[in-house]
Amino acid sequence: MKSILRAWLYLLPALLFLGVFLVYPLVDVMIYSVEEGYNSTSGASFGVGLYNFAYVLRDPFFLMALRNTVLLVAITVPLSTGIALLISLGLASVKKLRHLFQTIYFLPYVTNTLAVGLVFMILFKKTPYTDGLANLFLRIFGAGPVDFIDGPYWAKMFVLCFYTIWVVMPFKILILTSALASVNDDYYKVARIDATPRWRVFTRITLPMISPMLFYLIVTGFIGAFKAYSDAVALFGVNLNAAEMNTIVGYVYDMLYGDSGGYPSYAAAAALILFAIVLTVTTVNLMVSRKHVFYD
Amino acid sequence: MKPEKTPSGKRREGAGKTILTAAVYFFLTVWALFVLFPFYWMLLTSLKSYSAYNGEYIPTFFTLSPTPGNYLEAFSAVPLAGYFLNTLIFTLATTALMLFVIVFAAYAFARLSFPGKDLLFSFFLSLMMIPTELVIITNFQTITAWGMRNTFWGLILPSVTSVFYIYLLKENFEQVPDELYKAAKVDGTSDLKYLFKVMIPICRPTIVTVTILKIIECWNSYVWPRLITDDKAYFLVSNGIQEIRENGFGRENIPAMMAAVVVISVPLILLFLVFRKKIMEGVSRGGTKG
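Protein chains in written order, with this note's numbering: chain A, 1 to 296; chain B, 1001 to 1290.
The set of hints was computed from the structure by calculation and includes no laboratory data. Nothing here was measured: the structure is a model prediction, and the numbers come from that model. Hints should not be assumed to be uniformly reliable.
To be verified - Under the rule of at most 30 Å between Cα atoms (straight-line distance), these lysine-lysine pairs were calculated in the DSS-like manner: (1) LYS1193/B <-> LYS2/A; (2) LYS1278/B <-> LYS227/A; (3) LYS1182/B <-> LYS2/A; (4) LYS2/A <-> LYS1197/B; (5) LYS227/A <-> LYS1232/B; (6) LYS227/A <-> LYS126/A; (7) LYS1278/B <-> LYS95/A; (8) LYS1117/B <-> LYS2/A; (9) LYS1277/B <-> LYS95/A; (10) LYS1170/B <-> LYS2/A; (11) LYS1017/B <-> LYS189/A; (12) LYS95/A <-> LYS1017/B; (13) LYS189/A <-> LYS96/A; (14) LYS1170/B <-> LYS1117/B.
What the hints assert, rightly or not - Some chain A residues judged to face chain B by a derived CB distance under 8 Å, without partners named: (15) LEU91; (16) VAL94; (17) LEU114; (18) LEU286.
Here a beta-carbon is modelled for each residue, glycine too, at the ideal position from N, C-alpha and C.
Build out the structure end to end from the sequences listed, making use of the hints.
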């Protein structure tokens, strides 16, 4: 009896924190999402229903955020996973300098997204004083100058994708490198004895063996990219609506706080819509993976 | 064991292999430069003087007259030291509190027995699926209702627990042989003493990994601090840098901005270089970003 009490005592802090900041909010956010006309200042609502969802789905700012997020996901997830696979294969095939490369490639993971985003901003920004480095590069090809930060939509989307890829690469390279290292060498030895062509070794041995990790990266990549926000803030500032670069998560926070804030019900509805999208995409991923991922 | 080959075939393959290796090294170097370039650029720009920087219509790739002036400016014109101190307090307090919470929870799951343990643990694991973006809405309302906006408690409390780290530590605690525990019980050692004298020292590597990952997470956190603080006196570095960007040194003083960026980035880069192996190992076991 005493030991049971002790166990609960040891668990108490965790239970308290999780209860107050994780479980209760989960229930509460669902309540918020169906409370119509709730307003932080008055603290009252006038009914229960699905109006908040309808409002959010009709809000042009939400639709813009949705479009941006979907574009960002569709561009960055395949590109970053593909490049990470190429780099990891390259890393696996060399011995000298491998650790140095690995260390360098991992650096963006430990840096502050907001701080380094500022560097990307000045690299791409066109000011009265200078066209910026990116435009200098473009001029070599006879193009530009383009203002990537305050200019046309596609240019801003390009920088956002560019920076997002720079930020997410370390994690993907790390996971794929260790996946490649854990493939049993015997398979390769047999393939070498049979003089199997390189491409066949890759498609028949390497790819199936690392497919669970590759799949894991695709799933986490989708989830992460759907939740994009601070990268956009780093590049375009806090007023993402004005920059036309808002994301769904950004929309949620804007509804909660700031000049347009004070509407937790809309924020809750938008967050739940986001969660539903992420859940659907993950489920589809799981279904596709059953056919293509090789688990031993 | 290499397969036998005719001499000429071997040579041809050798040449092809050299070219391929060279191409791989070239590709890897290009990517390394791509990763390092922003760091080089922030360092370079932070060392250029204001007038030199703005005089360059075409930016130069090096500077012959580096100046520390921007760093002085970064600490005097904006409260950078204050942001730094806030982040340090926030990071240390959050990490310490988290360690306290997760060590006891992991110990209870790994060593103590009580009815409903497995059920509760499954429940804990299922909590890992809850996205932060969803619960942050209510947490914002809660902290506001408690009058904790613009306080350290408001910053710290919602970031204290991590189900994943409880899980990680519990797995590690379970690897400590049961015999040790029984022997300690026979000797009349209390659970608390056993935890601190035996379990924690044995599982130190995992605890260190968890600590470092949490420190990185805290140092870089932006969203929650932004929601909960609008008083500059409580800004963390991420919010500080955003504030500097919006209305710091005057929008055009890029070199001073870059000096601030360097100052903010250095501590974590140092931490990374010292604990490189632990961090990469820890992240591949359970970090996510991207």
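Checked hints:
Restraint check: the Cα-Cα separation between LYS1193/B and LYS2/A comes to about 17 Å, which is no more than 30 Å; the hinted pair holds. Note on LYS1278/B and LYS227/A: the hinted pairing holds, with a Cα-Cα distance of about 27 Å set against a maximum of 30 Å. Restraint check for LYS1182/B and LYS2/A: satisfied, since their Cα atoms lie roughly 17 Å apart, inside the 30 Å limit. Straight-line distance between C-alpha atoms of LYS2/A and LYS1197/B comes to about 22 Å, which keeps the hinted pair within the 30 Å bound.
At most 30 Å may separate the alpha-carbon atoms for a hinted pair to count; LYS227/A and LYS1232/B meet this at roughly 27 Å. Under the criterion of a C-alpha separation no larger than 30 Å, the hint pairing LYS227/A with LYS126/A is consistent with the structure, at around 28 Å. At roughly 21 Å between alpha-carbon atoms, LYS1278/B and LYS95/A fall within 30 Å of each other, so this suggested pair holds. Between LYS1117/B and LYS2/A the CA atoms are separated by roughly 16 Å; this keeps the pair inside 30 Å, and the hint holds.
For the hint linking LYS1277/B to LYS95/A, the alpha-carbon distance of about 18 Å falls within 30 Å, and the restraint holds. Simply put, LYS1170/B and LYS2/A have alpha-carbon atoms about 22 Å apart, close enough for the 30 Å limit, and the pair holds. Restraint check for LYS1017/B and LYS189/A: the C-alpha separation of about 17 Å stays at or below 30 Å, so the hint holds. Restraint check for LYS95/A and LYS1017/B: the C-alpha separation of about 14 Å stays at or below 30 Å, so the hint holds.
For the given pair, LYS189/A sits about 22 Å from LYS96/A by alpha-carbon distance, which is consistent with the 30 Å threshold. A hinted pair counts as satisfied when its Cα atoms are at most 30 Å apart, and LYS1170/B with LYS1117/B qualifies at roughly 13 Å. Taking 8 Å as the C-beta contact cut-off toward chain B, the hint placing LEU91/A at the interface holds, the least distance being around 7 Å. A least Cβ separation of about 6 Å between VAL94/A and chain B falls short of the 8 Å threshold, and the interface hint therefore holds.
Satisfaction of the interface hint for LEU114/A is found here, the shortest Cβ-Cβ separation to chain B being roughly 4 Å, below the 8 Å cut-off. The criterion of a C-beta within 8 Å of any C-beta in chain B is not met by LEU286/A, whose closest approach is roughly 13 Å, and the hint is violated.
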